[in-house]
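Chemist: Each chain, letter by letter, is given below.
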Amino acid sequence: MITIPYLTALTTYFSYGLLFAFGQIRDLFRKILDWWSADNLQGYAPICLGLEDFYIRRLYLRIQDCFGRPIASAPDAWIDVVERYSNDNNKTLKRTTNINRCLNLGSYNYLGFAASDEYCTPRVFRSLETFSASTCSTCVDGGTTVLHNELEECVAKFVGKPAAVVFGMGYVTNSAILPVLIGKGGLIISDSLNHNSIVNGARGSGATIRVFLHNTPSHLEEVLREQIAEGQPRTHRPWKKIIVVVEGIYSMEGELCKLPEIIAVCKKYKAYTYLDEAHSIGAVGKTGRGVCELLGVDTADVDIMMGTFTKSFGSCGGYIAGSKELIQYLKYTCPAHLYATSISPPAAQQIISAIKVILGEDGSSRGAQKLARIRENSNFFRSELQKMGFEVLGDNDSPIMPIMLYNPAKIPAFSRECLKQNVAIVTVAFPATPLLLARARICISAAHTKEDLIKALEVISQVGDLVGIKYFPAEPKKQQEEDGRLKLD
Amino acid sequence: MALSFLNIMNISLDWAFDAPPSRAVVFGVHIGGHLVVEALLVIVIVFLLLQKSYKPPKRPLTEKEIDELCEEWVPEPLIPPITEEMKYEPPILESAARPHTVVNGKEVVNFSAANYLGLIGHKKLLESCTGALEKYGVGSCGPRNFYGTIDVHLDCETRIAKFLGTPDSILYSYGISTMFSAIPAFCKKGDIIVVDEGVHWAIQNGLQLSRSTIVYFKHNDMESLESTLEKITRENKRAKNVRRYIVVEAIYQNSGQIVPLDVIIRLKEKYHFRVLLDETNSFGVLGASGRGLTEHCGVPVEKIDIITAAMGNALATEGGFCTGSVRVADHQRLSGSGYVFSASLPPYLASAAITAIDLLEENPDLITRLKENIAILWRGLSGTQGLSIASNPLSPLVFLKLKKSTGSFKNDLQLFEDIADRMLREDSVFVVASKRSTLDKCRLPAGIRLFVSAGHSEEDLLKASESLKRAASAVLSGYN
Ligand SMILES: Cc1ncc(COP(=O)(O)O)c(C=O)c1O
Ligand SMILES: Cc1ncc(COP(=O)(O)O)c(C=O)c1O
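Residue numbers (the UniProt record's numbering), protein chains in the order written: chain U, 1 to 489; chain Z, 1 to 480.
In case anyone wonders, no lab produced these hints; they're calculated from the structure.
Given the structure is predicted, the values throughout are model-derived calculations rather than measurements.
You may find that some hints are simply not true.
30 Å max Cα-Cα, derived DSBU-like pairs, lysine-lysine [unchecked claim]:
#	chain 1	residue 1	chain 2	residue 2
1	U	K157	Z	K87
2	U	K356	Z	K237
3	Z	K64	U	K267
4	Z	K441	U	K184
5	U	K91	Z	K218
6	Z	K218	U	K184
7	U	K455	Z	K87
8	U	K268	Z	K58
9	Z	K270	U	K31
10	Z	K58	U	K94
11	U	K240	U	K286
12	Z	K240	U	K324
13	Z	K410	U	K270
14	Z	K469	U	K184
15	U	K450	Z	K135
16	Z	K303	U	K270
17	U	K184	Z	K410
18	Z	K135	U	K420
19	Z	K162	U	K240
20	U	K91	Z	K189
21	U	K240	Z	K441
22	U	K270	Z	K64
23	U	K94	Z	K64
24	U	K31	Z	K188
25	U	K91	Z	K270
26	Z	K218	U	K240
27	Z	K162	Z	K189
28	U	K240	Z	K237
29	Z	K87	Z	K64
30	U	K184	Z	K270
31	U	K268	U	K324
32	Z	K64	U	K258
33	U	K94	Z	K469
34	Z	K240	U	K31
35	Z	K64	U	K268
36	Z	K189	U	K240
37	Z	K123	U	K184
38	Z	K469	Z	K87
39	U	K31	Z	K58
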């Protein structure tokens, strides 16, 4: 749980209040002005409405240069960020041809497979030659090539499940699978901070949705007991089935799932478990097999394992791994398998090759080195940030480390100042986080060198002082003082 | 003491009941005697409201009872038992999905890929992919907002908008995510969506996620649409204040029919609805230069509020786009769930899309050839026993259904699968039956689909039609 300091909460509320008030006043004037001009949309309700639209126009647009910065290179450790300018107060941004070479702390390039790789890249080119860029058909029709079959076997083996099915997009994997597994009369118990794709999948399924406190197994147990005892709303019939959905690493928190405890609870109450390993597969664990390996959970205890290839593998798409029967059933009826174009063959090849490198099947130890590297890098960076006094979320070993900013004004300040010093950092605000809990998020990669990280730390520390986000006292100084005192004594 | 107290009482009562109103003015309010009574009443009401209403005593379940209930509860299995039909294995391709491909070591004529312009394996397309792969790697490793925007994405968006003549467009990383993101971005609870009953699953999913009021009209039946619109406008007095949409597909994936866009436009303007048009199967196919249904029907593209399309068809790449006014595109950059919360399209696929559009613009004869091919196939298919063509003569997706259905979708489908199987086995012609997910709400009849490509030769088309005729008469002889 994030406990927001009292004063910070107050100033944050105040800032948003101010932005809101001024936005409303500006809207009012706009309305009055528009009233004079002819209304050409008579008979239609406005196409964008409500608070969401207000938020975009009056809050987001002012700082939109901090998001969606175009790059002109692979999303590797260093990227070419394209400069943009605006002539209308940030309402529209135009690209220039100027380029800044920046250190990339934003992309999910955990293992460094975004750049060209001596093993993967030649194979990707060969697949492109053989299979072209697309099959123009769905998996169940004419879109399954030998490459797709190889990929599914490879993924199943890597994840540690009997079978797997692969789709061309991670988001769709979640949003199209949940409705197949559960429907009316079923119950989905979802972590409160689960990814939007899970939320959409759950909504699309028609099942009842309950939420448990983020990463709190005891609350999960409470919810399960209450729900099993109560049964379905109104009729009180027993639930048909219950699926508990959690993520391996929470992408906005950097936290590892408390998987062993959650699995124990689910087993006790006969609920099925659905684990989304989007950020953890490939990135953590001794051989890169994700949180199960890291936390010592037997994959046989997780009923449905999901993950994406957009992160560690530097490709696109997602998978579901599970029992043979589960995969057979999904292939029979999952809309994403029946109606969506199969994954692009070069992307499939990239995944196969990346997995081979991770497992050392390419005949080198590069995979093991990458895994050791990301772990070292992450733990080093996290401890340094904490020493500087930043409020850093997340657990050790997780390559994601959010730094809390809170105040809306600090979002653009932090982002722009870092960029000025050639460090590209992601800042996250609503709708990806709650309104009050804006943060900067750092993703560490195995491709970062020690010098890269040290440079990044220097810049972040400096900008942190400037923007005022070191919410905790800095640790080394404290230690020095203590050391000093000890000497005095 | 007592006296003085009584005196005060008297005075105050005097003041309360007998005093002329003009005497007491508090904050500009004249205090009359009735005010005290009213105040008392208010106090009594508040007192009553604060009282708990009578509830039968509620005894919560004890821990032990809950334990027992949990112990007793038996969940259904995660999936139903596996039946024979679930064990279906699709044919495995051993080379690119071109008009001629290799299945099980045998060269076959491929009618299963929506490779309408025959661009799969095109040299220029491969060059463009190779260049992009060298420069950008495979994946984009991040959502668009978080350094996942590569310059080719922006170029691709501009290229699509320029090609269609719209102000702006937005790329999605997967075809089906386009529809289910775009629809909920503009339709919320309370809005009204009138939609064809035969739409594709991606659209159905979008409708469901939007939580709007959904009204279906009969498949491609403009009278049914008009009466639906009329009814909604008449019955719903508030209809003027909510957003109203008509959602249609240009060429229906589920039947190959083409929506009469001119009628849609007339109705839309009459009843003040907005139009969301899915051009997945018509982009790059219909119209003299492949700009889709709007060009084909001579409708200015501005008249359509939102156009979506998947790029996994004519463009021979992947992903999808949505186009319309600047407002429509920009709104989705923060509200399109598949845009915000998912990694962006791999840059080489965006680059391929740009090249494919360039190729389309440079070679309008591709479209002419596709049209000719469709006509050849139609001629070849005339008089197929037991089957009738349900699709529009201009649709590159040729859809055949049973003249006389067996009455169940499953049995119909089985017949089509037998036909497809026979064609592949005996004649090396690869066609597909229209499989349907159990989640799909579409109730249109099953059929067999042939995706015609500009890359098919006349020989291929004749071979396919002959083969289909033979297989159909063999499989269906017992039925019709
Ligand atoms: C937990 C989780 N699931 C699913 C996804 C979606 O994956 P993709 O980007 O491949 O669509 C993400 C991506 O951000 C994620 O964080
Ligand atoms: C209407 C519609 N939406 C979505 C899709 C799927 O798009 P993609 O295969 O590119 O994911 C298709 C094609 O099959 C379609 O016809």
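Chemist: For the pair supplied as a hint, U:K31 and Z:K58, confirm whether the alpha-carbon distance does not exceed 30 Å.
Modeler: Violated, because 54 Å separates the two Cα atoms, which is more than 30 Å.
Chemist: Next pair to validate is U:K91 with Z:K189; report whether the Cα-Cα distance is within 30 Å.
Modeler: Given pair U:K91, Z:K189 holds - Cα atoms ~29 Å apart, limit 30 Å.
Chemist: Are Z:K240 and U:K324 close enough, with their CA atoms no more than 30 Å apart?
Modeler: Not satisfied, since the Cα-Cα distance of roughly 52 Å exceeds 30 Å.
Chemist: Does the alpha-carbon distance linking Z:K469 and U:K184 stay inside the 30 Å limit?
Modeler: Roughly 44 Å between the alpha carbons, so the hint for Z:K469 and U:K184 is violated.
Chemist: Between U:K94 and Z:K469, does the CA-CA distance stay at or below 30 Å?
Modeler: violated, 57 Å
Chemist: With the threshold set at 30 Å, check whether the alpha-carbon distance from Z:K64 to U:K268 stays at or below it.
Modeler: Given pair Z:K64, U:K268 holds - Cα atoms ~15 Å apart, limit 30 Å.
Chemist: Under the criterion that the straight-line Cα-Cα distance not exceed 30 Å, is the pair Z:K240, U:K31 satisfied?
Modeler: Since the Cα atoms of Z:K240 and U:K31 sit roughly 19 Å apart, the hinted pair holds (cutoff 30 Å).
Chemist: Are the Cα atoms of Z:K162 and Z:K189 separated by 30 Å or less?
Modeler: Violated, at roughly 34 Å.
Chemist: Given the hinted pair Z:K64 and U:K258, is their Cα-Cα distance within 30 Å?
Modeler: Holds: Z:K64 and U:K258 sit about 27 Å apart, inside 30 Å.
Chemist: Would the pair Z:K135 and U:K420 pass a check requiring their Cα atoms to be no farther apart than 30 Å?
Modeler: It holds: about 25 Å lies between the C-alpha atoms, which stays within 30 Å.
Chemist: Checking one constraint from the list: CA of U:K184 to CA of Z:K410, max 30 Å. Satisfied?
Modeler: holds, 23 Å
Chemist: Holds or violated: U:K270 and Z:K64, Cα atoms, limit 30 Å.
Modeler: OK: U:K270 and Z:K64 at ~18 Å, within 30 Å.
Figure legend: structure checked against the earlier numbered hints; hints not met, in rising order: 2, 5, 7, 10, 11, 12, 13, 14, 16, 19, 23, 25, 26, 27, 28, 29, 30, 33, 37 and 39.
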